[in-house]
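This is what each chain is made of:
Number of protein chains: 2
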Amino acid sequence: MRILFHLPLSPFARKVRLALAEKRLPFDLRVERVWERREEFMAVNPAGTVPVLQEANGLFIADSYAICEYLDEAYPDTPLLGRTLGERAEVRRLVAWFDQKFYTEVTRNLVFEKQMKRVLGRGNPDATAIRAGYANLKPHLEYIGWLAETRAWLAGPQMGLADLAAAAQLSALDYIGDVDWSISDAAKDWYARVKSRPSFRPLLGDRVTGVVPPPHYDDLDF
Amino acid sequence: MRILFHLPLSPFARKVRLALAEKRLPFDLRVERVWERREEFMAVNPAGTVPVLQEANGLFIADSYAICEYLDEAYPDTPLLGRTLGERAEVRRLVAWFDQKFYTEVTRNLVFEKQMKRVLGRGNPDATAIRAGYANLKPHLEYIGWLAETRAWLAGPQMGLADLAAAAQLSALDYIGDVDWSISDAAKDWYARVKSRPSFRPLLGDRVTGVVPPPHYDDLDF
Numbered sequence: 001m002r003i004l005f006h007l008p009l010s011p012f013a014r015k016v017r018l019a020l021a022e023k024r025l026p027f028d029l030r031v032e033r034v035w036e037r038r039e040e041f042m043a044v045n046p047a048g049t050v051p052v053l054q055e056a057n058g059l060f061i062a063d064s065y066a067i068c069e070y071l072d073e074a075y076p077d078t079p080l081l082g083r084t085l086g087e088r089a090e091v092r093r094l095v096a097w098f099d100q101k102f103y104t105e106v107t108r109n110l111v112f113e114k115q116m117k118r119v120l121g122r123g124n125p126d127a128t129a130i131r132a133g134y135a136n137l138k139p140h141l142e143y144i145g146w147l148a149e150t151r152a153w154l155a156g157p158q159m160g161l162a163d164l165a166a167a168a169q170l171s172a173l174d175y176i177g178d179v180d181w182s183i184s185d186a187a188k189d190w191y192a193r194v195k196s197r198p199s200f201r202p203l204l205g206d207r208v209t210g211v212v213p214p215p216h217y218d219d220l221d222f
Numbered sequence: 001m002r003i004l005f006h007l008p009l010s011p012f013a014r015k016v017r018l019a020l021a022e023k024r025l026p027f028d029l030r031v032e033r034v035w036e037r038r039e040e041f042m043a044v045n046p047a048g049t050v051p052v053l054q055e056a057n058g059l060f061i062a063d064s065y066a067i068c069e070y071l072d073e074a075y076p077d078t079p080l081l082g083r084t085l086g087e088r089a090e091v092r093r094l095v096a097w098f099d100q101k102f103y104t105e106v107t108r109n110l111v112f113e114k115q116m117k118r119v120l121g122r123g124n125p126d127a128t129a130i131r132a133g134y135a136n137l138k139p140h141l142e143y144i145g146w147l148a149e150t151r152a153w154l155a156g157p158q159m160g161l162a163d164l165a166a167a168a169q170l171s172a173l174d175y176i177g178d179v180d181w182s183i184s185d186a187a188k189d190w191y192a193r194v195k196s197r198p199s200f201r202p203l204l205g206d207r208v209t210g211v212v213p214p215p216h217y218d219d220l221d222f
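Chains as they are written, first to last, in the UniProt record's numbering: chain B, 1 to 222; chain P, 1 to 222.
The reader is advised that the hints may include incorrect statements.
A pair counts as met if it fits within one copy or between any two copies, since identical chains are not told apart.
Calculated lysine to aspartate or glutamate pairs in the DMTMM-like style (CA-CA distance at most 25 Å, straight line) [stated by the list, open to error]:
| id | residue 1 | residue 2 |
| --- | --- | --- |
| 1 | K138 | E36 |
| 2 | K23 | E40 |
| 3 | K23 | D77 |
| 4 | K117 | E105 |
| 5 | K101 | E36 |
| 6 | K101 | D126 |
| 7 | K138 | E39 |
Just so you know, the hints here were simulated from the structure itself, not pulled from any lab data.
With the hints as constraints, model all of the structure from the sequences given.
Structure below.
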């Protein structure tokens with residue numbers, strides 16, 4: 001069986017879970033306590049990060065970028081990267097936007113500071129980072145809203161990896177109650193559309209010990 | 001004519017320049033002063049970063065990840081991502097390693113702090129960041145050396161995007177004289193091999209106003 005090594009609040013693992021589910025590829029989830037630096041895990045991914053995918057044939061793929069590109073090459077049904085070269089360039093531009101810019105400016109400042117630092121034993125949350133995270137969320141939600149109003153989905157005519165990358169970041173933030181959805185109705189409507197897809201259901205069922213999500217977290221009509 | 005919008009010390013623009021040259025795709029270079037936030041540039045890349053590639057047919061591709069994947073799809077001769085799914089997964093794992101982990105832990109702490117902050121008007125270099133950059137360079141060079149001793153090239157049997165991503169980061173650091181090559185002979189030998197490729201020559205000819213590279217920078221037998 002295919003195994004995905006993950007952590008429940010990792011936005012990058014969430015992106016891969018959504019991609020696997022959209023492609024209807026079954027997989028088992030295994031929580032990897034990356035802070036324990038397990039020897040067999042570090043051997044396949046010296047970066048010590050989740051997600052890592054193990055295929056049934058034994059192939060290990062580390063890093064969410066490598067995994068998502070692999071999935072679209074190995075399982076081309078239900079393509080998630082777009083059809084034309086131009087569509088694919090736009091999907092990948094936005095995947096980089098959410099994986100790197102949104103993560104660094106928003107998710108890292110909130111999910112990492114408020115939840116992961118404690119787990120990893122890296123000290124107390126930094127109040128300046130948390131303030132920056134809340135401030136940065138606004139322009140990002142407005143950009144998502146603008147994209148959603150201009151196009152059928154964030155990168156163009158098809159639902160694809162750009163939507164999954166964005167929704168993965170937002171769902172981790174939403175779990176800890178840190179998304180002010182009143183900032184953009186268009187972003188909220190787009191998120192409700194992604195959230196109501198069958199691929200999203202397992203994420204909404206996840207619970208992290210000691211952290212209770214807000215009531216709207218798994219409400220499809222929030 | 002194809003145009004690459006770049007900055008001379010951007011490791012991500014350097015990676016794309018090497019990829020274009022390895023594929024023998026001609027291009028003109030245009031310096032983009034990203035801190036001026038030129039309106040036409042922000043319209044094609046709202047992240048405001050280099051590199052951005054403009055194809056002769058007018059297609060714009062923003063972000064070095066999107067550009068490199070595009071180049072291998074649009075111009076499959078001289079593939080840079082590997083042949084089998086397993087090889088491609090390893091190339092991409094290492095590209096992510098150098099683009100994200102190496103950049104964040106080393107290049108950002110040195111090239112960004114010492115050179116770009118001044119240009120961008122973002123204040124003085126942070127001495128703590130610079131110390132961290134030097135400290136982090138050692139394990140990274142040792143890892144490169146270990147890969148180079150274990151395989152023909154960093155990701156496997158063929159020279160590819162992993163080598164270009166690593167060499168791009170190191171060449172920007174080497175320009176400002178910040179690579180202690182005595183740390184790893186194997187890493188130094190691998191870099192000398194990459195550096196002597198024709199694709200590297202234009203990078204070695206670049207000069208940045210006010211910053212003189214060390215004598216070994218463009219010496220192929222350093």
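Cross-check of the supplied hints:
For the identical chains of this complex, K138 and E36 are inter-copy neighbours only, at 23 Å across copies versus 35 Å inside a copy, given an alpha-carbon limit of 25 Å. Taking CA atoms no more than 25 Å apart as the test, K23 paired with E40 passes in neither setting, with 28 Å inside one copy and 37 Å between copies. For the identical chains of this complex, K23 and D77 are intra-copy neighbours only, at 7 Å inside a copy versus 29 Å across copies, given an alpha-carbon limit of 25 Å. Within a single copy, K117 and E105 get their C-alpha atoms as close as 16 Å, and across copies as close as 18 Å, so both meet the 25 Å cut-off.
Within a single copy, K101 and E36 get their C-alpha atoms only as close as 28 Å, which misses the 25 Å cut-off; across copies the closest is 19 Å, which meets it. Taking identical chains as interchangeable, the C-alpha atoms of K101 and D126 lie at most 25 Å apart whether they share a chain (19 Å) or sit on different chains (22 Å). In this assembly of identical chains, the alpha carbons of K138 and E39 lie at most 25 Å apart only when taken from different copies (22 Å versus 41 Å within one copy).
Checked against the numbered hints above, the structure breaks only hint 2 and satisfies the rest.
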